[in-house]
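Chain order of the listed sequences is A and B. Note that the numbering used here has the first sequence beginning at 1, numbered continuously upward. Note that the numbering used here has the second sequence beginning at 1001, numbered continuously upward.
Treat the hints with care, as some may be off.
[Stated by the list, open to error] Derived contacts from chain A toward chain B, CB cut-off under 8 Å, selection only:
1) 159
2) 162
3) 173
4) 198
5) 199
6) 268
[Unchecked claim] Think about it this way: if two alpha-carbon atoms lie no more than 25 Å apart in a straight line, the pair counts; the simulated DMTMM-like pairs of lysine to aspartate or glutamate are:
7) A:156 / B:1050
8) A:156 / B:1127
9) A:160 / B:1243
[Unchecked claim] Here are some, though not all, of the chain A residues that point toward chain B, as calculated from beta-carbon distances under 10 Å:
10) 54
11) 158
12) 171
Hints were generated in silico from the structure; no laboratory data involved. Note that this is a predicted model, so its numbers are computed, not measured. Built from N, CA and C at the ideal position, the CB exists for glycine as well.
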Amino acid sequence: MGSFDDVLADIMADIDSVFLFSPNGAFYERFADTDNVVVVAGENTVEAETFVELPIEFTNIKDRIRFGIEGAMDNDLVEEGNTIACFGSIFADDADSAVRVRVSEDLRSGLYDLFTNSRADPNVIRDVFDVALELGRKGQKGSPVGALFVVGDAGKVMNKSRPLSYNPFEKSHVHVGDPIVNVMLKEFSRLDGAFVISDSGKIVSAYRYLEPSAEGIDIPKGLGARHMAGGAITRDTNATAIVLSESDGLVRAFKGGELILELDPEEH
Amino acid sequence: MSVLQVALPDWLAVISTRLWVAAGIVLLGIILGYLTMLMGRRLLHRLGIDDAVEGTAVERAAGEYGTSTVGLITKLAGYFVIVLSVFIAGTFTNIQFADLFLRAAAVFLPQLATALLILVVGIIIGDKIEVLVSERLRGIKLPEIGVIPATARYSVLFVATLIALGQIGVATNALIVLLGAYALALIVFTAIATQELLASGAVGVYLLLTEPYSIGDEVAVAGQQGIVQEIDLFVTRIDTDGEEHIVPNRTVLRDGIVRIQ
Chain A
1 MGSFDDVLAD IMADIDSVFL FSPNGAFYER FADTDNVVVV AGENTVEAET FVELPIEFTN
61 IKDRIRFGIE GAMDNDLVEE GNTIACFGSI FADDADSAVR VRVSEDLRSG LYDLFTNSRA
121 DPNVIRDVFD VALELGRKGQ KGSPVGALFV VGDAGKVMNK SRPLSYNPFE KSHVHVGDPI
181 VNVMLKEFSR LDGAFVISDS GKIVSAYRYL EPSAEGIDIP KGLGARHMAG GAITRDTNAT
241 AIVLSESDGL VRAFKGGELI LELDPEEH
Chain B
1001 MSVLQVALPD WLAVISTRLW VAAGIVLLGI ILGYLTMLMG RRLLHRLGID DAVEGTAVER
1061 AAGEYGTSTV GLITKLAGYF VIVLSVFIAG TFTNIQFADL FLRAAAVFLP QLATALLILV
1121 VGIIIGDKIE VLVSERLRGI KLPEIGVIPA TARYSVLFVA TLIALGQIGV ATNALIVLLG
1181 AYALALIVFT AIATQELLAS GAVGVYLLLT EPYSIGDEVA VAGQQGIVQE IDLFVTRIDT
1241 DGEEHIVPNR TVLRDGIVRI Q
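Can you build the whole structure from these sequences, using the hints too?
Rendered as structure tokens:
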């Protein structure tokens, strides 16, 4: 047993601050006397003073920790060079894991930026993610379906694209997050082209053919035209692109021409 | 008659015949009341009242106490019949003070029952109206729109309360005058304070319905040229090389808009 304790003590030595991921009340109470406790969760149920909101429950533990640390860095809760201990749950609902992380600028992947500092409203981005994940899980009549959502900076995006067909959302005032939208988007995703969504979440258009200059866009090999178009439009405008791949079923987010986040709908 | 008197055992004669009649009436009242509950329940079910009140606050509150709106109304009616029978029975007894008290109550209690019924019906109608109005307004995406269904509901509640209070003889004139004064003051001040917003909102409705220009169009309004980024009820956002101009919608209609093809 001695060696176990030693290893644990080594991992937890010289900690500057403690990050609790979705802690329950009792677990949070145990850290009541500790300084620099940061709670990272979907909702601040324990009424912690320092809190970073998780917009979606990242199943990838790396993403979750990265998001928490980036959020804390942006809010000046931690600084570069700090060592932090993260407690979270991977398998069970209780805290079952401890991770030691050293804060550095390399950790910054733009994940926190994607949700909070995008042109579009954070809620809108989250809603679009929800729609894309749902679409990825269920598909269109059981068969996998692809979709491309361009969120924010809709004016510029509309100017850098052309219609492939009549816009079914013309003169309609539908917003992502409305209950009927999931069904509509599922139907319209059968046809090709991108969905354009404004900063406030209004669905501006469907069936848009994006015409950005794709020069110098570096996206992972093996991804098709849909991802290329999505990535490229985010470099030419201030938009965020959320792409559901038809071939591998993953949801990817692009911002500033770069791949920021990759989610598996089956796990969410 | 004499035969009947002979047939009665001695212990019956101890209590006066009037009391026996009174007891009989109360018993009959209880049976009638119970029947009223049963019939009322069946009638209300047949009328589809239980479907109509589904999901309203009254139904939920009633459900918490292990009953339902239909149960509540029928119980009210049943108890009313029983209480009525007690009054009639009371007139058959010779007890003076009870008679006096019951006479006063006989006038007041039906009014109270009516008032309660009006209140319950008012709450149900108010709830229903709130649901209907909010369903109608679902297409309009405005967080503040939730005020309108609530206002409709409380107006109905207010009227129901006034009628109910009038039933039991409470003077409601002061309440009406007070509310009138409040409403007038509120309307006047709101109109003065929000005239700009109202004007922009009215134009906003026109712009959203007819969409003379839409997101992505290049336009010039009030000397600002750029790409339309967003149109909402009150303002239009126009983007020009990193500058975002937020133009009130009333300016759009007053000065006109130039669409650049």
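Run through the hints listed earlier and report the numbers of any the structure violates, in increasing order. 2, 6, 7, 8 and 10
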